[in-house]
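Chains as they are written, first to last, in the working numbering: chain A, 241 to 406; chain B, 798 to 1055.
Since the hints were made in silico from the structure, they are not lab data.
Errors might be hidden in some of the hints.
Calculated pairs, DMTMM-like style, for lysine to aspartate or glutamate (alpha carbon to alpha carbon, straight line, at most 25 Å) [what the hints assert, rightly or not]:
hint : chain 1 : residue 1 : chain 2 : residue 2
1    : B       : Lys866    : A       : Glu262
2    : B       : Lys844    : A       : Asp265
3    : B       : Lys844    : A       : Glu269
4    : A       : Lys400    : B       : Glu839
5    : A       : Lys389    : B       : Asp816
6    : B       : Lys806    : A       : Glu371
7    : A       : Lys389    : B       : Glu801
8    : B       : Lys844    : A       : Glu371
9    : B       : Lys842    : A       : Asp347
10   : A       : Lys273    : B       : Glu855
11   : A       : Lys400    : B       : Asp836
12   : A       : Lys389    : B       : Asp836
13   : B       : Lys866    : A       : Asp343
14   : B       : Lys842    : A       : Glu264
15   : A       : Lys389    : B       : Glu814
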Amino acid sequence: MAVPLFDQLYNFARWLTQDNAEAEDLVQETYAKALRGFSSFQAGTNFRAWMYRILRNSFLSSRSGLKTAVVFDEQGEEGAAAADSPTPESLYLEQANRQIVQDALADLPVPFREILLLCEVEEMSYQEIAETLSIPIGTVMSRLSRARKALRGVLQQRLKGGRHGV
Amino acid sequence: MGCEAWTVKLDAYLDGELDSAGARELSGHMRGCGACAADALERVKVKRAVAVAGRRYEPGAEFRAQVLKSVAGMDPRSQTRDVGHPGRGWKWWVLAVPALSVLMVSLLVNLYVERGKGRRQLVYSELVDRHVETLASASPVDVVSTDRHTVKPWFQGKIPFAFNLPDLAGTDFTLLGGRVAYLAQAPGAQLIYQVRKHDISIFIFQDQGRSMGVTSTPMRALSFNVENWSQNGLRYFVVGEVNPEDIEALSKLLRDAG
């Protein structure tokens, strides 16, 4: 028997916490809460989003999570511009190894990191992301756009820095 | 409309979130606009890089076993402590097992339903490719026979499962033969049927659950109609450049036989 979503939830938890022990606690807590609260899960709603939401809420109420929430709440995000074109970093990106992208992701604030992971790694739809993060779809779109912009910024910095360093 | 108006839609387009009319318009614009096309390419590269880099951490075997044990409720007393309802351990235990089964089933159903469009499209595209490739091949089938009692046993020992084929008497369908096909490195059966000079491929694979990334919804992949369903642990795909009614009719025959 396999535990549903186990690998994915662990990967996500580890990205959020940046720590193995914390990630393990978080995953375990998620399954305990899911089993306990299964009666509150409504059939027909999205199960995956429900599980991720439990994990994320547990993270947010943990010590490292609380810090994250406070920092991000200071930034208004409704109506954020989504039109910024990416600057041509693909030349660098093609040379970049996986490590550089991973470091860039780790450098991002948690709200940006998590939304990118849900969208690109978990391939969640905007609707699923909205359910997971408990935010409206409009906010999903604007936050994703800002997260991508921020990632490109960090990538550019790292790639250029890396090149000079060679 | 200036490029800026298109640029704001690019992310939604690449995430598969634009409606089909919007997606068509945008791709039409990109065919004539090098700047937007280059912009889209940049974004795709970043998306891909994140998708690869984001799959970074794997849980340890020990932790996996520990969670499996606690989730499966091997020790109801320890679960009781977690739940914080001392004295109600056995009740929790009785409730947890069915809850867990429902949880698993819901998960599988949801995963089928919610799986990303991209991956589903990928499976369909791959099968459409196989179908086209087969028809273009000089020897489309390895077992040439219109007799299901010849075709079915031919697969014995070549694929790790058995299946039933329908009796086509009184229908417009003819069986042409079969061959072994692969999907995600797993062997399966490909059967070629014909209806009014049009070829239809039936693919049968062992159902790999969520890793197949498909839902049982008929859809169009390129200009082909594709139908798929899961039955008795096998996943059936029907692919053909014929009308949806023919696909549905053949699917029904197979379902009834399976």
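Consistency of the hints with the structure:
1. Between Lys866 (chain B) and Glu262 (chain A) the CA atoms are separated by roughly 19 Å; this keeps the pair inside 25 Å, and the hint holds.
2. Restraint check: the Cα-Cα separation between Lys844 (chain B) and Asp265 (chain A) comes to about 30 Å, which exceeds 25 Å; the hinted pair is violated.
3. For the proposed pair Lys844 (chain B) and Glu269 (chain A), the alpha carbon gap of about 31 Å is over 25 Å, so the pair is violated.
4. With a CA separation close to 17 Å, the supplied pair Lys400 (chain A) and Glu839 (chain B) stays within the 25 Å bound.
5. For the suggested pair Lys389 (chain A) and Asp816 (chain B), the alpha carbons sit about 24 Å apart, so the restraint of at most 25 Å is met.
6. Restraint check for Lys806 (chain B) and Glu371 (chain A): satisfied, since their Cα atoms lie roughly 22 Å apart, inside the 25 Å limit.
7. For the hint linking Lys389 (chain A) to Glu801 (chain B), the alpha-carbon distance of about 16 Å falls within 25 Å, and the restraint holds.
8. Only pairs whose Cα atoms come within 25 Å are accepted, and Lys844 (chain B) paired with Glu371 (chain A) is accepted, the gap being roughly 22 Å.
9. Note on Lys842 (chain B) and Asp347 (chain A): the hinted pairing holds, with a Cα-Cα distance of about 19 Å set against a maximum of 25 Å.
10. As the CA atoms of Lys273 (chain A) and Glu855 (chain B) are separated by approximately 22 Å, the hinted pair is consistent with the 25 Å bound.
11. The suggested pairing of Lys400 (chain A) with Asp836 (chain B) holds, with an alpha-carbon distance near 20 Å, which does not exceed 25 Å.
12. For a cut-off of 25 Å, the pair hint linking Lys389 (chain A) to Asp836 (chain B) stands: about 13 Å separates their Cα positions.
13. At most 25 Å may separate the alpha-carbon atoms for a hinted pair to count; Lys866 (chain B) and Asp343 (chain A) exceed this at roughly 34 Å.
14. Between Lys842 (chain B) and Glu264 (chain A) the CA atoms are separated by roughly 32 Å; this puts the pair beyond 25 Å, and the hint is violated.
15. Proximity of Lys389 (chain A) to Glu814 (chain B) is assessed by CA-CA distance (about 19 Å); at most 25 Å being required, the pair is judged to hold.
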